[in-house]
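2 protein chains.
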Amino acid sequence: MAKAAGSRPLSVVLLGCGVVGSQVVRLLREQSADLAARIGAPVRVSGIAVRRLSRPRAAGIDRALLTTDAVELVSRPDTDIVIEVIGGIEPARSLLLAAMKAGKSVITANKALLAEDGAAIHGAAREYGADLYYEAAVAGAIPLLRPLRESLAGDEVHRVLGIVNGTTNYILDRMDTSGAGFADALEEAQGLGYAEADPTADVEGFDAAAKAAILAGLAFHTPVTAADVHREGITGVRPTDIESARTLGCVVKLLAICERTAGGVSVRVHPAMIPRGHPLAGVREAYNAVFVEAESAGRLMFYGAGAGGAPTASAVLGDLVAVARNRLAGTRGPDASTYADLPVLPMGEALTAYHVDLDVADRPGVLATVAEVFARYDVSIKAVRQEGRGEGAQLVIVTHQARDAALAATVSDLQALPAVRSVASVMRVEGEDNQ
Amino acid sequence: MAKAAGSRPLSVVLLGCGVVGSQVVRLLREQSADLAARIGAPVRVSGIAVRRLSRPRAAGIDRALLTTDAVELVSRPDTDIVIEVIGGIEPARSLLLAAMKAGKSVITANKALLAEDGAAIHGAAREYGADLYYEAAVAGAIPLLRPLRESLAGDEVHRVLGIVNGTTNYILDRMDTSGAGFADALEEAQGLGYAEADPTADVEGFDAAAKAAILAGLAFHTPVTAADVHREGITGVRPTDIESARTLGCVVKLLAICERTAGGVSVRVHPAMIPRGHPLAGVREAYNAVFVEAESAGRLMFYGAGAGGAPTASAVLGDLVAVARNRLAGTRGPDASTYADLPVLPMGEALTAYHVDLDVADRPGVLATVAEVFARYDVSIKAVRQEGRGEGAQLVIVTHQARDAALAATVSDLQALPAVRSVASVMRVEGEDNQ
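Residue numbers (the working numbering), protein chains in the order written: chain A, 1 to 435; chain B, 436 to 870.
So that you can see chain A by itself, here it is in the shape it has in the complex (with noise of 0.2 Å):
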């Protein structure tokens, strides 16, 4: 690791100079003496790497500074720092390899890179005793990764809920509280900004299962991919599923749920209800937040901007102070700990509860048929609701909680029954005090 600096100022070289990077460079500026006061020795950015020199740059971006050859900045022997604010797997794992290999500390918001290639990242800023820092990674803003890898590090973490991405909760919102389909939401969720003109990452659920393979690893210290996490999107949300969830006293998100099981671990991403009176029913518009059960802390959570660009680079700057601090006292920060290993569990074995919609016929002996095939599979019904639709019947029935794989089981039989019309809807409920 590079020696104590004293007070000589310490150089950052930024990657990338989007929405993100050019708020770091502005509060950077903006906030240079207090940052001094608070680090012990000035910042200053001495090169941001680019893809385009020619491309407008936001006011404030000093030219000079830019330069596309982010190879030699990573590895410029009077670099102290690098950030990451590209994303994307290539060239930013490549480039940060090479500046934790260089001495650097490096710091990232790039959860799709720690999400796929998390443990050769991790390796590396144990192999070379790199500072590995990316707060900014999950949840922009909301301090969230430093309070489960050192505040609760003295704890066990039993589950996490997360809702981690604020495209989402805007639609799911805007569903909920207007009334609006999915295809509506989107549009509205796209003219302000929120979603993205490709909203696949975001309505898909890529995004918020990178972040819950960071959160789970982080939570039961193990290692945990993207590819680890089940993943539904909320596309197939409709406005009938959200009155479905009004009439049974919830809201639909979208979460990622990590949980610890004696088996492993479980970790998914899909849309459920939950209680409107838990704490992350109230959170609206595109907030996020995540809710932490905890052996002995109990029930945590922690709200706040999800994204942004001076959200995000709030917690890049948060993490700049840290890793600037122990470069001057010569030190490093915690290593994310895997040592537990835990095996990931498939979607099947997760514990859950279902609200299930059936178009049934109106005719005797339906609710008797029904009810077995639940029973075939050892699912335990929790709620009946029956009224009439149309020619036939609605059929509203609320599981216990069960293995997946039973309840998914029970849901293809109940297709193919004569007296089931079609199966309306399927969607699970989570977060309740009995789980």
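Everything labelled a hint here was simulated from the structure, so no lab data went into it.
Be aware that one or more of the hints could be misleading.
[To be verified] Just so you have them, the derived chain A footprint on chain B, three or more residues with Cβ under 8 Å: (1) 644-657; (2) 790-802.
[To be verified] Per label pair, the in silico range of CB-to-CB distance: (3) B:A537 <-> A:E90: 46 to 54 Å; (4) A:R29 <-> B:Y563: 32 to 40 Å; (5) B:I816 <-> A:A64: 21 to 29 Å; (6) A:R276 <-> B:E465: 32 to 40 Å; (7) A:A409 <-> B:R673: 53 to 61 Å; (8) B:E562 <-> A:D198: 54 to 62 Å; (9) B:G825 <-> A:L351: 40 to 48 Å; (10) A:D62 <-> B:E465: 31 to 39 Å; (11) B:A618 <-> A:T247: 37 to 45 Å; (12) B:E507 <-> A:G249: 52 to 60 Å; (13) B:E622 <-> A:R29: 56 to 64 Å; (14) B:R443 <-> A:G249: 54 to 62 Å; (15) A:A409 <-> B:S467: 36 to 44 Å.
Computed from a prediction, not measured in an experiment: that's the story for all the values here.
Here a beta-carbon is modelled for each residue, glycine too, at the ideal position from N, C-alpha and C.
Dock chain B against chain A, hints included.
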């Protein structure tokens, strides 16, 4: 500072073995394997200082570790880490100072000491190069101080609004949901163990004021003591105040408010009405939550259990993992920075809004007379509601923000008006978006 200890077990001594101390001992025993893996060395309890050896102890407390000689424990050559859970000023202060002087790392849950004499405690940590951690001192298990001190170190905090006393939140929540009076709600809280036999420290706001001082110091990088905090408790909150709040779409909470203004910082604890849509309004029962507004991060909230043996012990153990890792690495955590050294403004300078409930004579000209008093002190009226009450009328006025001194002078003049029979209630309104 003591040098790195290789994989030699780290020796921990406890000062105090009450509700929190006995939970710390239990967790250290039950989670010893996990803690050793996360720290990199085993941790063993080598002594527990108590006042009386003969007192009954929780199961699992090894009586051979008990001693009444705390001074000997903290200066033992092989002691690495001192955990102080005695509370109060002395002997806690002398013991912590002696421990730091002897090169020990210290962890304390002592909000009263840090709020009264934080400068001396922090000064000793700096002078002797000792680690000083105290996450458990504010809001129990909620990871809050580390995020403020570290994650937000690159941001500018404008305001902290906290529900930091579970006892008073329970009482106010009961008054809101059941219509109970203060005395009945207090009795219920005492029956459930949420309030002590002598509830003064909680209901008069002393506990919240100590926490407010610690929060303000960390948030604004400036020294603040409990004596700097304007403090009003909840003993004067009546069911009619709760009812008035409801009419206004608000709920009454005891808030710790820390604000950075142009002239300095303002730190105060008092009951206030906050809008039911505010994230703090949904904090029920004995839960705590702290809402932070920062320049870049925006609005954040931290929520969880604010007290109790196990939650507080979880915070102590999180600190233990950090100081143990630091000790093994031969380094120490960041000092609390107080470089800003801002003036603490008197309460009269605080900007707030008032809800004023007046019993007035029901005759022409009363409203004009009352309105003139507000105008006299340049207090802008936001809303007025008047309706018959007995022989007179009830006149409720909600103001826009103004200096507290102007609002107090207004109320004082109103009391002297012949047309005003009585000022039925005055309560501040906080947490509105236009603030």
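Hints, one by one, checked against the model:
Look at the segment 644-657 of chain B against chain A: 1 of its residues bring a Cβ nearer than 8 Å to a Cβ of that chain, fewer than three, so the hint is violated. Remark: the segment 790-802 of chain B is not confirmed as covered by chain A, as 0 of its residues place a Cβ nearer than 8 Å to a Cβ of that chain, below the required three. Take A537 of chain B and E90 of chain A: their Cβ atoms lie about 52 Å apart, and the range 46 to 54 Å holds. At roughly 37 Å, the beta-carbon separation of R29 of chain A and Y563 of chain B lies within the given 32 to 40 Å, and the hint holds.
The hint said 21 to 29 Å for the Cβ distance between I816 of chain B and A64 of chain A, and at roughly 55 Å that hint is violated. One distance hint, 32 to 40 Å for the beta-carbon pair R276 of chain A and E465 of chain B, holds here, with the actual separation near 36 Å. Take A409 of chain A and R673 of chain B: their Cβ atoms lie about 58 Å apart, and the range 53 to 61 Å holds. Distance hint check: the CB atoms of E562 of chain B and D198 of chain A are about 58 Å apart, consistent with the given range 54 to 62 Å.
Checked against the hint of 40 to 48 Å, the C-beta distance between G825 of chain B and L351 of chain A comes to roughly 59 Å, which is inconsistent with it. Against the hinted window of 31 to 39 Å, the Cβ-Cβ separation of D62 of chain A and E465 of chain B comes to about 55 Å, which falls outside the hint. Under the hint 37 to 45 Å, the C-beta atoms of A618 of chain B and T247 of chain A, about 41 Å apart, fit the expected range. Under the hint 52 to 60 Å, the C-beta atoms of E507 of chain B and G249 of chain A, about 59 Å apart, fit the expected range.
Taking 56 to 64 Å as the suggested C-beta distance range, the pair E622 of chain B and R29 of chain A conforms, at roughly 57 Å. R443 of chain B and G249 of chain A have their C-beta atoms about 55 Å apart, which keeps the hinted 54 to 62 Å range intact. Taking 36 to 44 Å as the suggested C-beta distance range, the pair A409 of chain A and S467 of chain B conforms, at roughly 42 Å.
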